[in-house]
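Enquirer: Construct the complete structure from the given sequences, taking the supplied hints into account.
Spelled out from the first residue to the last, the chains are:
Number of protein chains: 2
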Amino acid sequence: MKDSTGPQSGYATPLELHRAPPPRERADAARNRAAVLEAAARLFAEHGVAAVSMDQVAAAAGVGKGTIFRRFGDKSGLANALLDAREHALQEAILHGPPPLGPGADPPARLAAFAGAYLDYLLEHLDLVRMSETAAPGARYRIGAYHFWHQHATILLAGAPDPRYAAHALLAALAAEHVTAVLPELGEERLREGITRLARSQYPSAAS
Amino acid sequence: MKDSTGPQSGYATPLELHRAPPPRERADAARNRAAVLEAAARLFAEHGVAAVSMDQVAAAAGVGKGTIFRRFGDKSGLANALLDAREHALQEAILHGPPPLGPGADPPARLAAFAGAYLDYLLEHLDLVRMSETAAPGARYRIGAYHFWHQHATILLAGAPDPRYAAHALLAALAAEHVTAVLPELGEERLREGITRLARSQYPSAAS
DNA sequence: ACCACAAGTGGACTATAGTCCAGATCTTTC
DNA sequence: GAAAGATCTGGACTATAGTCCACTTGTGGT
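Sequence lines, in order, name chains Z and A. All residue numbers for the first sequence refer to the working numbering, where the first residue is 1 and numbers rise by one. All residue numbers for the second sequence refer to the working numbering, where the first residue is 1001 and numbers rise by one.
In short, the hints are calculated from the structure, not lab data. Using N, Cα and C, we set each Cβ at its ideal position, and we do this for glycine too. It is possible that part of the hints are untrue.
As the list claims (entries may be wrong) - Which bits of chain Z does chain A cover? Going by a derived footprint, with three or more residues having C-beta under 8 Å, they are:
#1 136-146
#2 174-186
Unchecked claim - Incomplete in silico selection of chain Z near chain A, CB under 7 Å:
#3 Ala158
#4 Asp162
#5 Tyr165
#6 His168
#7 Arg192
#8 Gly194
#9 Leu198
#10 Ser201
Expert: What follows is the structure, given as structure tokens:
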């Protein structure tokens, strides 16, 4: 990946969604981006994310390899672009949706709701998210989405001894790699309860 | 990696250290293993773990590439072998050392001591551990060491609502990838305090 | 319509992890 | 100490991510 801030990166600045991308995208570029996303979605669904190579995606989309890498940076960028819509929907629900996920509920309830909603999102697209988080070292922590989740959790954790740290710790338990490893051992139910408890236990008065 | 349980895997079964490896190792094999470990340690120290390729290690050790892979499985296996001694020292201190890390102190104190000691170990060898955890997908959760840490934390967390989950959550915050990302933002001090607090907050009566 | 040029393209190229197996080398047995 | 056979070796080979750049194609200005 050489430049993740160019016009090709598909997600908006955290807490300021829907900014218009300053430099317009050429018509052929838009056509190719759509073709690549479509081909990738189909191949990933058919064979599993890990089993599909970038060459295969390029061939299926009828474009050159270089085109994919120019647009999406690397494999984690492609995975991110595919998740973009779902991710934005969750961000939207957090910013403007009904409580407890959206504004209105008290912070502990919102944090628990966030953890649960994020887990839903994660379990729905586990392999894709995992790819987006692990394709490149440190990828997870560089993408805008992570900053959004972290910022949101930090704000809700105001009052905890170290809100920024606590937010990171909660998100660590929501890493795709971690959830992938723990899920088969404990099952979805215990995972969900555990995450919820973890969210609650970050507050000073917590007693599980 | 084709077989991580063969005679080449360098770590002992959790909670049963120092079992004798059943099939003896041939003399030339032992010589080559030592040469590889020495070369790898030197190259990693000199150029950084990430910047050294397996070919370079093979060349420096004067052996073929196949030899390295047969012995260590993959890059994460090689990193693991280099960490082996440090790791066993920590395990030894946990099993038979003085409290609060070793037996004797009450569980919350032992868990906090474990978290701190593990963080020491991690910060001392961050790049190596990171390589051992991220070179292959899921590598972290497959190695024996993870099971040891998890088992230890689970036992200490008896009484918590879901000890196994809580142990996983604590270890998630101690993942090399996570610590690598959080360290530059928060610094060692806040990291250490955060981990300690996290360990304490896993107990029902916790009030930070 | 045409031009100038920025933006985009695709496939050859590089770097690296990991596989494979014919042959070399140890160890054991007699 | 020689044969038999298990173990180990090394380098050619494959697969894949990601780079590079000469060429093509849109686009906005005139």
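Enquirer: Each hint needs a verdict: does it hold in this structure or not?
Expert: To see whether the hints hold, each was checked on the structure:
Coverage of the stretch 136-146 of chain Z by chain A holds. Counting CB-CB distances below 8 Å, 4 residues qualify, and the rule asks for three or more. With 8 residues bearing a CB less than 8 Å from a CB of chain A, the stretch 174-186 of chain Z meets the requirement of three and the coverage assertion stands. Given hint, alanine 158 (chain Z) at the interface with chain A, is violated; its Cβ is 14 Å from that chain's nearest Cβ, farther than 7 Å. Hint status for aspartate 162 (chain Z): holds, given a least beta-carbon distance of 6 Å to chain A, under 7 Å.
Taking 7 Å as the C-beta contact cut-off toward chain A, the hint placing tyrosine 165 (chain Z) at the interface holds, the least distance being around 4 Å. The restraint placing histidine 168 (chain Z) at the interface with chain A holds, with a minimum CB-CB distance near 5 Å, inside the 7 Å limit. The interface hint given for arginine 192 (chain Z) is violated, since its Cβ lies 10 Å from the closest Cβ of chain A, which is over the 7 Å cut-off. Against a cut-off of 7 Å between C-beta atoms, the interface hint on glycine 194 (chain Z) holds, since the closest Cβ of chain A lies about 4 Å away.
The beta carbon of leucine 198 (chain Z) comes within 5 Å of a beta carbon in chain A, closer than 7 Å, and the hint placing it at the interface holds. Of the supplied interface hints, the one on serine 201 (chain Z) holds, with its beta-carbon coming within about 5 Å of a beta-carbon of chain A, less than 7 Å.
The structure fails hints 3 and 7 (numbered hints given earlier, in ascending order).
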